[in-house]
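A.B. asks: Note that full-length UniProt numbering gives residue 739 to position 739 of the sequence shown, counting from 1, and the numbers run on in steps of one.
Everything labelled a hint here was simulated from the structure, so no lab data went into it. Even glycine gets a Cβ: it sits at the ideal position worked out from N, Cα and C. Among the clues, some could well be false.
Dumping the calculated SDA-like pairs for lysine to any residue here, alpha-carbon to alpha-carbon at most 25 Å [stated by the list, open to error]: (1) K917 to E929; (2) K414 to E424; (3) K93 to I54; (4) K905 to P884; (5) K720 to L691; (6) K75 to R517; (7) K75 to T338; (8) K1095 to A1027; (9) K1026 to G662; (10) K720 to R797; (11) K414 to S451; (12) K414 to D218; (13) K720 to E851; (14) K1095 to E804; (15) K905 to G662; (16) K720 to R599; (17) K720 to E741; (18) K720 to R517.
Simulated restraints on C-beta separations [to be verified]: (19) S758 to A678: 32 to 38 Å; (20) G757 to D964: 18 to 24 Å; (21) S520 to D558: 19 to 25 Å; (22) G757 to R237: 39 to 45 Å; (23) D500 to G104: 34 to 40 Å; (24) T656 to G852: 19 to 25 Å.
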Amino acid sequence: MLHRHRLAALAAGLSLAALGSGFTQAQNEQDAQTLAVQATAQGLTGQERIDFLISNMTIEEKLGQLHQMAGGRQKNLNSRLDDGEFDRVRQGKVGSYLHVAGAGPLEELQRTAVEESRTGIPLLFAMDVIHGYRTIYPVPLALAASFSDEVGQSTARIAAEEASAAGLHWTFAPMIDIARDPRWGRIVEGAGEEPYLSARMAAAQVRGYQGRDLTAPDTIIATAKHFGAYGAGEGGRDYNSADISERTLHETYLPPFHAATVEAGAGSVMVAFNDIGGVPATANAPLLQDVLRKAWSYDGLVVSDWNAVLELTNHGVAADRVGAGTLALEAGVDMEMTSGIYAQDLAEAVRGDETLQASLDDAVGHVLLAKDRLGLFDDPYAYHDTDREAAVMLSEEHRAVARDAAVKSMVLLKNENQTLPIREGAGRVALIGALADDPYSPLGSWSAQGSSGDVVTIRAGLEAALPEGVRIDYVPGADARSMPDRRDLRDAVRAAERADVAVLVIGEDWNYSGEARSRSDITLPAGQAALAEAILATDTPVVVVLMNGRPLDISSLDAEADAILETWFLGVETGPAVASVLFGEESPGGRLPASFPRRTGQVPIFMGHYPTGRPADPDLENDSSRYTDVDITPLYPFGHGLSYASFDYAGISQDTQTVGAGGTITISADVTNAGEMAADEVVQLYTRDPLATVARPVQELRGFSRVSLDPGETKTVSFKLRPEQFAYWGQEGAWRVDAGEIRWMIGSTSADIRGEGSFTIEEGVTADEPAAAIETVTTVSGGNAESEPVSVGSIDRLDPRADEVIPENAAIEKLTDDTFGWSEGPVWMPDRSEVLFSDVPGNTLYGWSEEGGLEVVLQPSGLAGEVPPAFREPGSNGLIADGPNAILMGDHGNRAIARVDLGTKERTFLAQQFEGKRFSSPNDLVRAEDGTIYFTDPPYGLQDGDESELKELDFNGVYRLSPDGTVSLIDRELTRPNGVGLSPDERTLYVAVSDPDAARLYAYDVGEDGDVTNRRVLIDLTAMVKAGEPGLPDGMAVSQSGNIWLAGPGGIHLLSPEGERLALVRTGTAAANVALTDTEDAIYITSGSFLARVKLGG
1 MLHRHRLAAL AAGLSLAALG SGFTQAQNEQ DAQTLAVQAT AQGLTGQERI DFLISNMTIE
61 EKLGQLHQMA GGRQKNLNSR LDDGEFDRVR QGKVGSYLHV AGAGPLEELQ RTAVEESRTG
121 IPLLFAMDVI HGYRTIYPVP LALAASFSDE VGQSTARIAA EEASAAGLHW TFAPMIDIAR
181 DPRWGRIVEG AGEEPYLSAR MAAAQVRGYQ GRDLTAPDTI IATAKHFGAY GAGEGGRDYN
241 SADISERTLH ETYLPPFHAA TVEAGAGSVM VAFNDIGGVP ATANAPLLQD VLRKAWSYDG
301 LVVSDWNAVL ELTNHGVAAD RVGAGTLALE AGVDMEMTSG IYAQDLAEAV RGDETLQASL
361 DDAVGHVLLA KDRLGLFDDP YAYHDTDREA AVMLSEEHRA VARDAAVKSM VLLKNENQTL
421 PIREGAGRVA LIGALADDPY SPLGSWSAQG SSGDVVTIRA GLEAALPEGV RIDYVPGADA
481 RSMPDRRDLR DAVRAAERAD VAVLVIGEDW NYSGEARSRS DITLPAGQAA LAEAILATDT
541 PVVVVLMNGR PLDISSLDAE ADAILETWFL GVETGPAVAS VLFGEESPGG RLPASFPRRT
601 GQVPIFMGHY PTGRPADPDL ENDSSRYTDV DITPLYPFGH GLSYASFDYA GISQDTQTVG
661 AGGTITISAD VTNAGEMAAD EVVQLYTRDP LATVARPVQE LRGFSRVSLD PGETKTVSFK
721 LRPEQFAYWG QEGAWRVDAG EIRWMIGSTS ADIRGEGSFT IEEGVTADEP AAAIETVTTV
781 SGGNAESEPV SVGSIDRLDP RADEVIPENA AIEKLTDDTF GWSEGPVWMP DRSEVLFSDV
841 PGNTLYGWSE EGGLEVVLQP SGLAGEVPPA FREPGSNGLI ADGPNAILMG DHGNRAIARV
901 DLGTKERTFL AQQFEGKRFS SPNDLVRAED GTIYFTDPPY GLQDGDESEL KELDFNGVYR
961 LSPDGTVSLI DRELTRPNGV GLSPDERTLY VAVSDPDAAR LYAYDVGEDG DVTNRRVLID
1021 LTAMVKAGEP GLPDGMAVSQ SGNIWLAGPG GIHLLSPEGE RLALVRTGTA AANVALTDTE
1081 DAIYITSGSF LARVKLGG
């Protein structure tokens, strides 16, 4: 495997033969070097390197960078990688491959591009990793049913870990098209009908795929697709025209894309197949240039869909291949997938057209920027570790994530007479339906490298988890795609009649939904309907388990079945997940992300429709907007879902009656589990603007929170909103917020409203982002203080001295859900009896206490207003207390060391620059007794890190801020200085370095005069990073005895003052930082997306 030392040698002009003989040969001539090596030799990085490459490339080489080839087929990867393909790579005619995989095979292809082409530009390897690579988890529509950002992010994270290990850099996911017509087959790939829910799932999945640092080799570029309005195709037919208004486009179909790109930083956008009002998206300059590039300041990679550039001729807007390619390039399509028009047909057109040349250079710049953001110019072989590939696939940890997601994605649609759960002593259960024993359908469409052999079927799952006094008789009854013969139907009916309860597994098989899988009739397939009719005619109680990729017309099932459980396509852990719900180990808690119609003729059907001039009236004597033959309402509305528990709502309130510009309103409810088993409730907040200059929807989702509650437990759920979240696209073609009344409704579903109220926006304001894309600040507090905490991870005791610090029975308590983008900087505030911590990308400062649970303390915690795309992490990072009610912080967004009074919210900047240049993003800090502050300034807050156009200092420094405000540089030679700490006597300064190739904790001597000298390595943890342990050296806390608690690979390391490893607190995810209480009776840990604690006992 070729790594950085070999690349450095190439940059120095040494041949590969010289590498093998001790670097004894002379330098090669510069013209023998690739362009990329020349750029490295000149010390060029980032945009300077990109500009150098573009200025030295031929037109043909530029066009080659825009060409994505299929290196195989979806189910036959790498099959087209013959000698001809390697020659095309050598000639610079390809920039990317899809339908390829494998750390080993792709290393050879990458080596050819990097070392044998004239440019030396690495390739991008891509695949449709939609809901898992090898560990297949629930389809995206099912994930949306979880109503959980955590589920969306955690599943995307394991997909990225596996795909990247297989040599892939790029996935064409998430699909975030709003879908309001379930006839459309691709509804299975998105988050359903509602823009706010889709926006939250979009941002979560992007963060999961891309991680915190795209240069890390376990991350991949996410793609927000399909831009835009692909889900609005007429008649639910795939690829069809979307003839929609500008208002509908901006309010309904674009918010998830804004959340994915502007908020979460998706590295690429895929353009849709369809036309919008006759203009194909692939040639839609107003959409791609005016909205995406200009209004949203997006600088990522825009790619076409499969063959879509050529299909402009079918649309009738281009006469030939050259015309199609010209339209797409001018519109802003950077990379063309598979049709080859850019590379094969555009060279002469570009050569004679300066405007087209400028478009070409822009496109190449976006492609090279994506490769640079992945770190491929510095280490093109980072994704080709065959040992990691072998270790990570389908691991037990990944299967556990998939199983948890499957449990949380199921929706209980009906449960008469407490038919479910099936408990001990239930007797004989007839399991009926071929889908119950089908290992293929649970994988769903777009299953990447998932295998039916990895799937635990429903039958296998139930048989492995039978409660005492329960037996199963299985009969297939009917195949999902054919009518049952009389014998099979008779056997199924007999099994049902003999049973105490029948579990009927029916629906669609995997191939009924997905691309080009639209259906005109969304009732059950005929054979499944016939089987259902026969079983429901028996006197036996029937539990229907649905397996399907879209909302269905199941009115007949609703009328006759005793219980209906929607399971979608749940992935490899289908069986254990379904068994845990049917047998009552888990209570179902999912909610519908799309409405179920009573009849196919109702579609499209969705919650957020307009009221019309004659709102629906059930009285047929009155002419109104309804049907004469069926109720206008859906069979199951958006947000519907039952539980084995019941939930009471009380204390429903709002904290103000009026909201001014820049103000907020908080709406709260106390939710109690009134049932007999632990269960999740999804608290949902809806709003309506009753009077505007245009008609507004009757209901819009503006907040949700999935809350876990023990029996009798009560928690308070609060939603904080601001006026911009009620903006609409005005007739003037811009966002506006009107003064006036806003109504709100809080409840368990869109139809089960438990409380409502209203408030007044005092004055109209303008807005600059889609209302549905703005995240509502949601907090959950209270609960049973005496309830057993959730334990995670484990504690490795590496030295007997650890027992003096960590009690024998110590456990890692998970104090919050995985709700934060990246939690950081905990600090214990003794006067508040509360730990404060940062969600850095979420731009929020939280507090947690035993009495009050989780609360928002400061929002925004860093940069105020709309966050520019150049900021990846705009919030606060490291924190230290400054008296009873104030903190000092590393303020990423404002690029400063700041002090914030938590009472008045007043922010004072203590340091923002060094020698006249702005800091990048001050990170962690520690304060000495005399008031001196030591802090680090890595580039983590900036979108492009060291390559950001905002970065003014050409190093990442460690600094001292004196009490008089003087800033002094301590060290400029560390690549990624991060955490910082002081020994109890303040004579030793510790600095952690988050460089995967030099993952170390350094120590410095601090003299009596304040001079900091003698940098030395206290401990080197690089080997643990290379072994695949999650995390890098990061934040720290130093005890009064001098022991160091250091966030690092694997978790929190307990080190002696000499750097000896005493213990490792494994949290299971990358740990960011740690804080000690004032009495040292506990440590608080920010670990990725959650807050944890270990009690030490003082």
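A.B. asks: Take the hints in turn and mark each one as holding or not.
C.D. replies: Taking the hints in turn, this is what the structure says about them:
Distance restraint check for K917 and E929: the Cα-Cα separation of roughly 28 Å exceeds the 25 Å cut-off, and the hinted pair is therefore not satisfied. For the suggested pair K414 and E424, the alpha carbons sit about 21 Å apart, so the restraint of at most 25 Å is met. Restraint check: the Cα-Cα separation between K93 and I54 comes to about 15 Å, which is no more than 25 Å; the hinted pair holds. Using a Cα cut-off of 25 Å, the hinted pair K905 and P884 holds, with the two alpha carbons roughly 14 Å apart.
Distance check on the hinted pair: K720 and L691 sit about 22 Å apart at the alpha-carbon level, within 25 Å; holds. A C-alpha spacing of about 18 Å is found between K75 and R517, which places the hinted pair at or below 25 Å, so the restraint holds. Among the hinted pairs, K75 with T338 is consistent with the structure: their alpha-carbon atoms are about 17 Å apart, no more than 25 Å. With a C-alpha separation of about 29 Å, the suggested pair K1095 and A1027 falls outside the 25 Å cut-off, and the hint is violated.
With a C-alpha separation of about 47 Å, the suggested pairing of K1026 with G662 is violated against the 25 Å cut-off. At roughly 43 Å between alpha-carbon atoms, K720 and R797 are farther apart than 25 Å, so this suggested pair is violated. Of the supplied pair hints, the one linking K414 and S451 is violated, its CA atoms being roughly 32 Å apart against a limit of 25 Å. Among the hinted pairs, K414 with D218 is inconsistent with the structure: their alpha-carbon atoms are about 41 Å apart, more than 25 Å.
Simply put, K720 and E851 have alpha-carbon atoms about 21 Å apart, close enough for the 25 Å limit, and the pair holds. Distance check on the hinted pair: K1095 and E804 sit about 13 Å apart at the alpha-carbon level, within 25 Å; holds. As the CA atoms of K905 and G662 are separated by approximately 14 Å, the hinted pair is consistent with the 25 Å bound. Between K720 and R599 the CA atoms are separated by roughly 38 Å; this puts the pair beyond 25 Å, and the hint is violated.
A distance of roughly 17 Å separates the Cα atoms of K720 and E741; the hinted pair therefore holds under the 25 Å criterion. Only pairs whose Cα atoms come within 25 Å are accepted, and K720 paired with R517 is rejected, the gap being roughly 41 Å. Under the hint 32 to 38 Å, the C-beta atoms of S758 and A678, about 35 Å apart, fit the expected range. Taking 18 to 24 Å as the suggested C-beta distance range, the pair G757 and D964 does not conform, at roughly 52 Å.
The hinted range of 19 to 25 Å is satisfied by S520 and D558, whose Cβ atoms lie roughly 22 Å apart. One distance hint, 39 to 45 Å for the beta-carbon pair G757 and R237, holds here, with the actual separation near 42 Å. The given range of 34 to 40 Å is broken by D500 and G104, whose C-beta atoms sit roughly 54 Å from each other. The hint said 19 to 25 Å for the Cβ distance between T656 and G852, and at roughly 21 Å that hint holds.
Checked against the numbered hints above, the structure breaks hints 1, 8, 9, 10, 11, 12, 16, 18, 20, 23 and satisfies the rest.
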